[in-house]
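Residue numbers (the UniProt record's numbering): 1 to 371.
Do not rely on the hints blindly, as some may be mistaken.
[Said to hold, decoys possible] Simulated restraints on C-beta separations:
1. ALA78 to GLU238: 43 to 51 Å
2. THR192 to ASN73: 22 to 30 Å
3. GLU238 to LEU259: 16 to 24 Å
4. ASN74 to ASP153: 32 to 40 Å
5. VAL332 to THR192: 48 to 56 Å
6. PRO194 to SER304: 47 to 55 Å
7. LYS325 to GLU132: 20 to 28 Å
8. ASN230 to VAL150: 20 to 28 Å
9. ARG292 to LYS226: 36 to 44 Å
10. GLU238 to THR192: 17 to 25 Å
11. GLU114 to ASN74: 37 to 45 Å
[Unchecked claim] The calculated DSS-like cross-link candidates involving lysine-lysine, where the alpha carbons are at most 30 Å apart (straight line), are:
12. LYS188 to LYS135
13. LYS263 to LYS349
14. LYS120 to LYS226
15. LYS202 to LYS213
Don't read these hints as lab results, they were simulated from the structure. Ideal Cβ placement from N, Cα and C applies to all residues, glycine included.
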Amino acid sequence: MSNISQVEPRKMSIYREEAVEALIEALQRKDFASSQMMALDAIVSLSGRLTSTGRSYMESWLLKMAGFDKPYNNLMKAERSMKFDNDYAETLEEEEKATSSWERRVAFVLCNHENGAIFKALAECFKSNSIEMSKSCLVAASWLTHMLSVLPDTGVRDAASKALLDEFVNTLQSGSVEEKIMATLSLKSFVTDPAALQELGKYARCIYKTLRKLKKYSPIISDVLKSLINSSFVDASELWNWSEVVELESCQNGEVLSLVHLKGRLLSSHSDGTIKLWDAGKRVPRVIQEVREHSRAVTCLYLSPGDNKLYSGSLDKTIRVWAIKPEEIHCVQVHDVKEGVYDLTASSKVACFVTQSTGVKASYHFLENKA
1 MSNISQVEPR KMSIYREEAV EALIEALQRK DFASSQMMAL DAIVSLSGRL
51 TSTGRSYMES WLLKMAGFDK PYNNLMKAER SMKFDNDYAE TLEEEEKATS
101 SWERRVAFVL CNHENGAIFK ALAECFKSNS IEMSKSCLVA ASWLTHMLSV
151 LPDTGVRDAA SKALLDEFVN TLQSGSVEEK IMATLSLKSF VTDPAALQEL
201 GKYARCIYKT LRKLKKYSPI ISDVLKSLIN SSFVDASELW NWSEVVELES
251 CQNGEVLSLV HLKGRLLSSH SDGTIKLWDA GKRVPRVIQE VREHSRAVTC
301 LYLSPGDNKL YSGSLDKTIR VWAIKPEEIH CVQVHDVKEG VYDLTASSKV
351 ACFVTQSTGV KASYHFLENK A
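Modelling step: build the complete structure from the supplied sequences, incorporating the hints.
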C-alpha cells in the first residue's frame with residue numbers, strides 16, 4: 001500500500017484506488033474483527049508517524065496537535081535517549097517536515113476516495129463492543145478528520161461529519177481524558193461547517209459541561225466552546241443555566257419509560273422492549289447489560305426490597321420477574337395477564353398493577369413454582 005501511495009497521482013491510480021477500496025471493505029467486515037483491526041492499524045501506520053521501533057505514535061501526536069503535549073514530549077525524550085544523536089533536534093525537524101508532507105498525500109487519497117466512503121466505514125467500527133477496536137477506530141478517525149482542516153476542501157467534510165459526529169459526541173460522554181481531547185480535536189474540524197455546527201448544536205447541552213472541564217488540558221477546547229456559544233443554532237442561556245445532570249443517549253431504544261436505582265446500579269426500561277443495566281457509580285453512567293425479552297414497551301419497573309427481585313410490566317401483557325446480580329439481571333419468571341401493564345408494585349406472592357382500563361386496578365397472585 002505504501003509503495004502505491006508514493007507514485008505520482010496519474011500513475012498507477014487504478015492500483016491505488018483498489019488498495020484503498022480493500023481497506024474500506026476490511027473495515028466493513030463486522031463479522032471479522034481481526035480484519036477490521038488490521039485495516040485500522042494499516043491506516044494509522046500509513047500516516048508515517050512511527051517510532052524507531054516501528055510503533056505508531058499517532059495518538060501522542062494528535063494530543064500534541066490539541067495542545068496536550070505531555071505524552072508526545074515523553075515519547076520524544078525516550079526516542080532521543082535511544083539514538084544518542086548530537087544533532088537529534090535538527091534531524092527530528094527534518095523528519096517532521098518529510099512526515100508532514102507524506103501524511104498529507106496519504107490522507108488526501110484516503111479521505112477523497114468515493115466521496116469520503118472511508119468515514120462511513122469507520123463509523124461501523126465504532127459500533128464494535130471491543131474496547132481495543134473502538135480506541136483504534138477513534139485514533140484513525142481523529143487523524144483523518146483533523147487532516148480535513150489542513151487539506152484542500154473537496155466537499156468530503158460533510159460526509160465525515162454525517163458519519164462520525166455522533167461517535168465523537170459519544171466519546172465525549174464516556175471516554176478517558178485523552179480520548180475526549182482527540183474527539184474534540186475532530187469536532188474542531190467540523191465547527192467551521194454551518195451544517196455540521198447545526199447538528200453539533202443539538203448536543204450542546206450534553207457536552208457543554210464536559211468541554212468546560214477539559215479546558216485545563218487543551219486550548220482547542222475553548223475554540224469549540226466559543227463556536228457553540230456564538231452559534232445561531234444554540235440558545236446560550238440554556239448552557240449557562242446548566243446544572244449537575246448527566247444526559248444519557250439512548251434514542252436507539254426509543255423512549256425511556258421507567259428508572260429505578262439500586263446500590264450504584266441504574267435500571268432503565270424503554271419503548272422498544274429493552275431493559276438496560278447501568279453502572280451509576282461513575283460521573284457518567286455506562287451500560288453493563290442490555291436485555292430485550294419483552295416484545296413491546298416496558299412501561300414500568302419495580303424493585304422489591306424484601307426479595308431482591310426486579311419486576312417489569314409491559315404492553316406485551318406480561319409481568320416478568322428478574323434476579324439481580326452486580327453485573328447482570330436474568331429473567332426467572334414470566335406471568336401472563338389479560339391486558340397491557342402500565343404500572344405495578346409487587347412482592348414474591350402478589351402483584352398489583354394498572355392496565356389501560358379506566359380506574360381499574362387488578363391483583364395477581366404469583367405461584368411460587370411458576371417459571
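Quick check: which numbered hints come out false for this structure? none
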